[in-house]
Each structure stands twice: as C-alpha cells, then as structure tokens.
Amino acid sequence: MVVALAVGWFAARDVPPPQPISDVVYDLPADVDPVAGAPDLADYDTFSWLSFLALNAPADQTKFSDAPDSEPTWAGWMEDFQILVQDGQVPPPWGSARNIPPLCRAIATEANITRVLTHASKTAGVVNLFEQAQSGPLIDQNGAYVRYEILVNQPMYDYIVDNQLYNLVGLDAFGPIDFPSGNPRSGEIGAIMVKAAWKVMGLGDDPSRFHVTEAYVVDAQAQSCAIERLGLVGFHISTKTVSAPHWIWSTFEHVDNVPDRGTLTPRAHYNFFDPFCEVKRPGQCVENAMPALPWAPSNPDQVPSQVVRTTPIGPVTAVLNTKFQELLREANPLSVWANYMLVGTQFPQRPGDPTDPTGRAFPQSLANTTLETFMQGDTPPVSSSCVGCHNRATTTASAKPSDFTYILSRVTAKY
Amino acid sequence: MPTPPPDSFFDLSSALTGFTVQTLKFAQQNADFYGAFRSIYGAVEFDALMSAYADITAQGDTGADLAKSVLADGSTVAETARALMVFWYLGQIAPGGKGAMQIPTANHYAQGLAWRAVQAHPTGVSTLQFGYWASPPPPLEDFL
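Protein sequences appear in the order of chains H and F.
The opening residue of the first sequence carries number 594 in the numbering used here; numbering runs sequentially from there.
The opening residue of the second sequence carries number 2 in the numbering used here; numbering runs sequentially from there.
No wet-lab data here; the hints were simulated from the structure.
Heads up, a few of these hints could be off.
[Claimed, not checked] A few chain H positions that, by computed beta-carbon distances, are all more than 10 Å from chain F: (1) Y619; (2) A924; (3) T948; (4) F955; (5) Q957; (6) D971.
[To be verified] Going by beta-carbon spacing under 10 Å, a handful of chain F positions derived as facing chain H: (7) A44; (8) L129; (9) Y133; (10) P140.
[Stated by the list, open to error] To be clear about the criterion: a stretch of chain F counts as covered by chain H if any three or more of its residues have a C-beta under 8 Å from a C-beta of chain H, and this derived list gives those stretches: (11) 65–77; (12) 107–117.
All C-beta atoms in this analysis are idealised placements derived from N, C-alpha and C, irrespective of residue type, glycine included.
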C-alpha cells in the first residue's frame, strides 16, 4: 500500500515512450538517462527494460525479429564458479567455456551443451545448492527444483582477476573494493551481475512461451547429473553506474509464474501456483511456505510450492511492461521475450547519503517470486530488499565491504 | 491507492519535529504516517490541526514561530499536534489520543525519527555497512 502511494508521486509525469526495437542496435545503457531533472521511477524502469533487451539480444548479432528465441548475450558471461577457484589457481581467461563437472562427463555427448547448473538455490551462505537467499528451495508444479546461475560481465570479471580478488591473500592486500561504474559521458559500461532462475520444462509447460536452454543439471546430494531442457522464469540484473554507486537492481519474471495474492486470473497453468491445489493436496497448500525438510532434488513426491505475489507490480512499471511487450511482439509475434515482465527496479533516491549506504533506496522492498519467493513483503529487515541485503556483503578476508556482491564472500582459495 | 499527503502535512510536520521535509517524505514512503494518524487518532481532530496550520501560515508565521503557535497554551489543536510529534518520533499512537499506544506497522517503528535524532537505528534494522560501529556516526545535521 505504501509503495503504491509512493509510486503515485512518481506517476506525476508521463512515461516516455520506448523507441521501436525491431531494427535498433541493442546497446547496453551505461546509466539511467533521465527525461528531465533527477531520475525517477519511470527513468529507472526504462533503464531496466533497455538493459533487459540488450542483455537478451541474440548473441549472434541477429535481431529479435529474426527468431522467437535465441541464445542471449549474457549467456557468454563468466559464472561465479569460474571465479571461485581452488588454492593456487587463477580464474580462466574471459570467454572460457564452463568446465563440465566430473559427474556429467559420462553423459557429455551433446557437443552443443555448455551450460552447467548446480545451484538449486541462491547461495551457500547466501547462494548455495538448494536454498534461495536465506531461505529454501522453490519447487515447480511438476515437483522439480528451480535452478539458478550467477554470472558477471567482463568489466566486473576483469576487476576481480586483475586485482587478485579470487583468493584470500589478494582480498586482504587490496584496498577498498570499488567495481567500475557505468559512465554515461564516456559510454563505458560498468560492473553488471545477472542471476537467472530456470525451471525444468515438464508436464503442462509450453516451451514456446519461454526462453529455453539445455543444460547439465547437477544434483550434488545424489551425486548425479542429467541433461535437462529448462525455461527462464526469473532474471535479476544488478548494474553499477555513476549515478547509482549502490547499484541499480532490476528484476524480471515470466508472466506465467504466479498470480497476485487474492486476484487469481483464470489461466490454464501457472509455473508455481495450482488453483486446484487444495482439492489435490488438502492441507499442503499454504501460500509462500518453504518446502518441508529434508531438501533434496532427488526426493520422491516433492510437494510443489504454492506461490503468490504479495506486492503487486506498480502502475508505472505495469505501463512500461505493456509498451515493451507490445514492441517485442511487433518485432516478432512469437517472441518469447514478450512473455517477461519487469517486477520492479530498486534505485537510490539520495546517492551519497552519509546516514544510509543504500542511498535511501526506493522501493524499500523488492522481491522476485522465483528468487526471493519466501521473503516477499515489506517488513524490515526480514523482507527482501536487493540493496539492503547486498549492502551487508563483505569479503571473506578482512570482512570489508565487497561493494554489494556476495561472490567475494564465498572466496575460499588461500593463495 | 491511498491519497498522497498534501505538502502542508510535511511542512507542518517539519516545523513540529525539526526534521527536513525530504526526510519525512522518505519515512512516509515506507510507512503511511499521514493515513495512519488520520484514521487512528481521528479525522476530525486531524483536519482541525491542518486547518489551524493553514490559518497560522496565512498570517505569515513560519518554522519555529509556527510550531509555537500550534503548541501555545490555549491552542485547541495543541494536543493533536503533540500526538503527531509523538507518532513521527516513536511510531506510536493512541486511538483518539486515549487508551493504549499502538504501533500500526513494523515500518512505523523502524521509521520513527527518534532513531535518527540519536544518530542510531532501530534494533536489527540498519542500512549501515559491516563494521560501522567502529566509527563515530555522521553528524546530527546529516540525519535531519
């Protein structure tokens, strides 16, 4: 309710119409580009959508109009596991293929599969094998665990590698961590992190509505690996810019994921909600409840998560969603990317506020139903806040602030 | 969608609390002080306070003078003004100014100005980074 009120203030001026996207060059925006004066919610949401388009533009330099789906640009970025090396190792050069884990080598006959998913959650500590950040796993309507991956762009990767921030000696010796910022004057792109949430394409899913990929999916507990076809259901973009040294936090979801609480829309299939749950599984349909322990993807009879969105998407964001989705359909009526929506953008309203290293972020809370499923709401400090959580990230060595990334909190290589 | 507070609400609140309008607007974003006060304390009393504020500002009073006028002995809205100050500072309010104090939401508690007045933060709700306790807090002016 309070967020909606604040958004009402931001709605004072018209949302700028996005440019046609059927034939433009998909350049990443270096920073927010305010229409007038200080940037506001509409400016930041536009930044989020332009970033989404640029990152999901075909990696092979074709256009959205050429195919309904294609491998996106960010798929070639480096994964967090490639940074988190062992003692004495150096992260591989930028662009190196991901190593196929030993568990998967026996089935590694598909030459074109390069993606390896081991996260069934957002952390070990903060991103580990089976749980989301500070909570549990998300289980889809077919009983399959949602899988996650975290990747960084080259400016962020180079900063880590060049400054030896991948081991404890380097972290301890280095001064304050300050990743490069996107600069609108020079056009230089700053550090960007993306987190992707994937569900296994199964019964009731229509793959033509998703961006899909094939990947080796590792179950470390069961010591198994399988090749799965997965659909993108959630997508975080975190961007450091000159105007937002606290980063800009953009989050997208597939439109079929969940209904808003109390506003069930007639639909044949939600990814993470069953309108007939109570009939099928009486007493097991508590909304947004974490799955019962033990958590293991290979457990039989997994109970699907019954997820609803507790904070509806705000009106400014909803208008932009419609406009960008329409433009994507104009480019290609079958575009899978038109089936994604911006949930929100968290941004600093007062960068540099000495009393608040998050820059008086707005909105206070922001959650993606596939990445912060069980932390939705607006109760401080337990409800999900992108910048609020990442503001607490420190390096393993020296426990100094790690500039809003938990990747450096997971470094274990001693040298 | 609730009605956004009028600017006069923030101007009056700023005069009564000593905090800037911007700080109050940030607090209002996260906790509806305006709507909660009006509904819990009482719309009649609240509207009388806003009306008195409008009359006083029409006479040219500003800032501290304005606050003194609202709180002066014999002022019919002084009690309501004090309740509003308490609400802004502590996030607590009593229905109609009588009975037990209540905190409408966790956000009202966390956004209470008392924390900023003592250059601190509510227990468990800090936006400061790890290790902040080893350094003195920023000056009070930054918290206003």
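Comparing the hints with the structure gives:
1. Y619: Nearest chain F Cβ is 33 Å from H/Y619, so the label holds.
2. A924: 33 Å, holds
3. T948: 5 Å, violated
4. F955: Violated: least Cβ distance 6 Å, not greater than 10 Å.
5. Q957: 5 Å, violated
6. D971: At about 7 Å from chain F, H/D971 fails to clear the 10 Å cut-off, so the statement is violated.
7. A44: Cβ of F/A44 sits 18 Å from chain H, so the hint is violated.
8. L129: 6 Å, holds
9. Y133: 8 Å, holds
10. P140: 8 Å, holds
11. 65–77: violated (count 0)
12. 107–117: This one holds; 4 residues, not fewer than the three required, reach chain H with a Cβ under 8 Å.
Consistency note: the structure conflicts with the earlier hints numbered 3, 4, 5, 6, 7 and 11.
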